[in-house]
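Chemist: With chain A held as given, fit chains B and C onto it using these hints.
Those protein sequence lines, which keep their order, are chains A, B and C. Note that the working numbering has the first sequence beginning at 1, numbered continuously upward. Note that the working numbering has the second sequence beginning at 1, numbered continuously upward. Note that the working numbering has the third sequence beginning at 1, numbered continuously upward.
Errors might be hidden in some of the hints.
[What the hints assert, rightly or not] Computed footprint of chain B on chain A; a stretch qualifies when at least three of its residues, placed anywhere within it, have a C-beta under 8 Å from a C-beta of chain B:
| hint | region |
| --- | --- |
| 1 | 75-83 |
| 2 | 158-168 |
| 3 | 213-221 |
[Said to hold, decoys possible] Counterexamples of contact, computed for chain B against chain C with all Cβ distances above 10 Å:
| hint | residue |
| --- | --- |
| 4 | R16 |
| 5 | I21 |
| 6 | L32 |
| 7 | W65 |
| 8 | V83 |
| 9 | L143 |
| 10 | P152 |
| 11 | R178 |
| 12 | W179 |
| 13 | V206 |
| 14 | F221 |
| 15 | L241 |
These aren't lab readings, by the way, just hints derived from the structure by calculation. Ideal Cβ placement from N, Cα and C applies to all residues, glycine included.
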Amino acid sequence: MNWQQWRTLCLRDIRLAMRRPGETLHVLFFFIMTVTLFPLASSPSATTLQAIGPGVLWVCAVLACLLLLGELLESDWRDGALEALLFMPLNLPLALSAKIVARWLCGALPLVIVSPLLGLQLELPASVLPMLAGTLALGTLALLFIGAPGAALILGTRNGGMLLGLLILPLFLPVLIFGALAVAGAQAGRSVEAELSILLALTLLTVFFSPLATAACLRLACE
Amino acid sequence: MTFNWRRYASPPHCYRLISRILPALWAISLLLGVAGLLTGLLLAPGDVQQGEGYRIIFIHVPASWMSMIIYLAIALWAAVGLVLNTSLSFMLMTALAPTGAAMTALSLLSGALWGKPMWGAWWVWDARLTSELILLFLYLALLALRAAIDDPRRADRACALFALFSVINIPIIYFSVRWWNTLHQGPSITMGQAPAMSDQVLLGLVLMTLAAWAYSLAMSFSRLRLLILQRQADTGWVKQLTGACR
Amino acid sequence: MPMFEARQLSCRKGAHTLFRHLSLQLAAGDILHVRGHNGSGKTSLLRILAGLARAEHGSLWWQGVAQAADGAEQRQRVGWLGQRPGFKDALSAAENLADCQALHQQPPSAGAIRLLLQHWGLQASAAQASADLSQGQRQRLSLALLQLRAAPLWVLDEPFNALDEPGCTLLWDMLQQHVRHGGIAILSHHAALPACTAQLWLGSAA
Chain A
1 MNWQQWRTLC LRDIRLAMRR PGETLHVLFF FIMTVTLFPL ASSPSATTLQ AIGPGVLWVC
61 AVLACLLLLG ELLESDWRDG ALEALLFMPL NLPLALSAKI VARWLCGALP LVIVSPLLGL
121 QLELPASVLP MLAGTLALGT LALLFIGAPG AALILGTRNG GMLLGLLILP LFLPVLIFGA
181 LAVAGAQAGR SVEAELSILL ALTLLTVFFS PLATAACLRL ACE
Chain B
1 MTFNWRRYAS PPHCYRLISR ILPALWAISL LLGVAGLLTG LLLAPGDVQQ GEGYRIIFIH
61 VPASWMSMII YLAIALWAAV GLVLNTSLSF MLMTALAPTG AAMTALSLLS GALWGKPMWG
121 AWWVWDARLT SELILLFLYL ALLALRAAID DPRRADRACA LFALFSVINI PIIYFSVRWW
181 NTLHQGPSIT MGQAPAMSDQ VLLGLVLMTL AAWAYSLAMS FSRLRLLILQ RQADTGWVKQ
241 LTGACR
Chain C
1 MPMFEARQLS CRKGAHTLFR HLSLQLAAGD ILHVRGHNGS GKTSLLRILA GLARAEHGSL
61 WWQGVAQAAD GAEQRQRVGW LGQRPGFKDA LSAAENLADC QALHQQPPSA GAIRLLLQHW
121 GLQASAAQAS ADLSQGQRQR LSLALLQLRA APLWVLDEPF NALDEPGCTL LWDMLQQHVR
181 HGGIAILSHH AALPACTAQL WLGSAA
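Just chain A, same shape as in the assembly (with noise of 0.2 Å):
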């Protein structure tokens, strides 16, 4: 496996979601709406919101990554793409970095990208704003990682979709947990620094570990 053949995967799945830009506009109108509902919910009441507001942005973030991970693999599989792979003369693992790593590019950085709006509209301060940014940029790339063998497990099962979230949002809790207290603690002007180490620690874990695990997963939904 070369960089080239890296760079060959990641850009066809960016070109092939730059062809159907859709499924990408869906997960982001998703995690807007999710967002908008919490207040509705509760109270629009600046205290309140602002309570509530890094947990509501890193939940929503969550559930928006779920969705992504649903379409990960699924359609690579129904055609054949997935299978092919298995005979090319490269590394399963750095393959599905590739993969994920695209995913993470076209649907999880818009995400991160219009957060800080979300944010405003929570009545986040807006020095908090980056630290929220920041944090859902490296959380969700965690999130996608640790997701994907979730993933790779639920293709070709009934009820796929269902069954991804009840496999992998346990999984997600450290990211989440640690992910919304750095925000929370930003807000609140605390030291954040233990926390940002450890969901930057989470993140490389998983970047390097979850590509051999999904890739076994992934081996035994193609047999």
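Modeler: Then chains B and C, alone, in the frame of chain A:
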């Protein structure tokens, strides 16, 4: 002469072995359970601070331990199955999961029953309770994954991979929940028992823990027996066995 | 010594045994035609031979060397044509071929792709999304992708599906050329194929 462990990895041998020890295992679990409950409920003295309510620990503590040990055992058998490709390991893994889920549910339920008189609430966002809840979710995910895959061989491997992947995550989840808990919970709740545990309480706990072990083994082995028959339905020895029963 | 060998393969679907103790030996230049009724296990056998699925028992041997059960080595020398197309519908035929070239670490060559497209009669629709191709054209594209990959062992599941007569001729020429150069081909098809060097009936007892 070397001990041939692979002999016991073959389903017919395992089936016969289990059939032989299963009645004894049930008897042991029943005896230990009765002895443990008698010790815990009658012999052990009431607690100074908690009165009689504390006695639920004789259920709660063994159930919590078992819930964690069984998940570890599942992951262990998953690893063995994936490495050695022995169908029996996968069957053991499958047989353990419902018992583990039941133990986790029991632990949560007894925790809630204990919590109401102790803290005045059915549920508190304590680190240990929350982790136990996450563990229950993982058990349910494992069961759901198996139910969603028709081909038993694929289901075995899928569940094994998930069990391994999640068991690596469990310490991280526990650590995160504790971190989150210390930041959010002002006065920490001490869940431990009175520091000086009387001998009777200790004895009751030990008996109940052993009973929980025996029960879990007996339950899983019963399930394993059925799984072996189900999976090997088209082999000669099962046909012979079922034919003999008819 | 046979180039490719399968020993004592057996395969089960659920509680039902598809085949048992199936062995075969193929030398360079062989074309094996796998036949059988629907549900006799043709596709399952081909997936095992290609290194995709695991056999319940048995092993694959390549030039006298046993292959690992996970099939990773085996897949590296197999050209696979399955029931699923294996290319992306949203990309054009030319793009699919170019990606395949890059993934196989071949130097990018628009000329080679043009030649392939011409050979398979796809040049007119080379730029449109593959989703718009007809069934036969899609099969041709799959075969063109297979040709791009230089694999010694071809495992083709129903390669004649949806092909018109000129298409079938093209496929035959391709197969003949492949085995002339020392390759092996294994293919499944429902009807008789006289040009194959060997035939395997599955589930003949049934």
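Chemist: Decide, hint by hint, whether the structure agrees.
Modeler: Checked hints:
Residue count for the region 75-83 of chain A with a Cβ under 8 Å from a Cβ of chain B: 0. That is fewer than the three needed, and the coverage hint is violated. Here's how the region 158-168 of chain A fares: 6 of its residues keep a CB closer than 8 Å to some CB of chain B, so the rule of at least three is met and the hint holds. A count of 4 residues in the region 213-221 of chain A with a Cβ less than 8 Å from any Cβ of chain B is obtained; the coverage claim is therefore met, three being the minimum. Remark: the non-interface label on B/R16 is consistent with the geometry, its nearest Cβ contact in chain C lying 22 Å away (cut-off 10 Å).
Every Cβ of chain C is farther than 10 Å from the Cβ of B/I21; the closest lies at roughly 28 Å, confirming the non-interface assignment. Look at B/L32: its CB is around 38 Å from the nearest CB on chain C, clear of 10 Å, so calling it non-interface holds up. Every CB of chain C is more than 10 Å from the CB of B/W65 (nearest about 37 Å), matching its label as outside the interface. With a closest Cβ-Cβ approach of about 12 Å to chain C, B/V83 is found to remain outside the 10 Å limit, as its non-interface label requires.
No beta-carbon of chain C is positioned within 10 Å of the beta-carbon of B/L143; the least distance is around 20 Å. Not every beta carbon of chain C lies more than 10 Å from that of B/P152, the smallest distance being close to 7 Å; the non-interface claim is violated. Annotated as non-interface, B/R178 keeps its C-beta farther than 10 Å from every C-beta of chain C; the closest such distance is 39 Å. Distance to chain C confirms B/W179 as a non-interface residue, since its nearest Cβ pair spans about 39 Å, more than 10 Å.
Interface exclusion of B/V206 from chain C stands, the closest Cβ pair being 44 Å apart, more than 10 Å. Separation of B/F221 from chain C is adequate, the least Cβ-Cβ distance of about 23 Å exceeding the 10 Å criterion. Distance to chain C confirms B/L241 as a non-interface residue, since its nearest Cβ pair spans about 16 Å, more than 10 Å.
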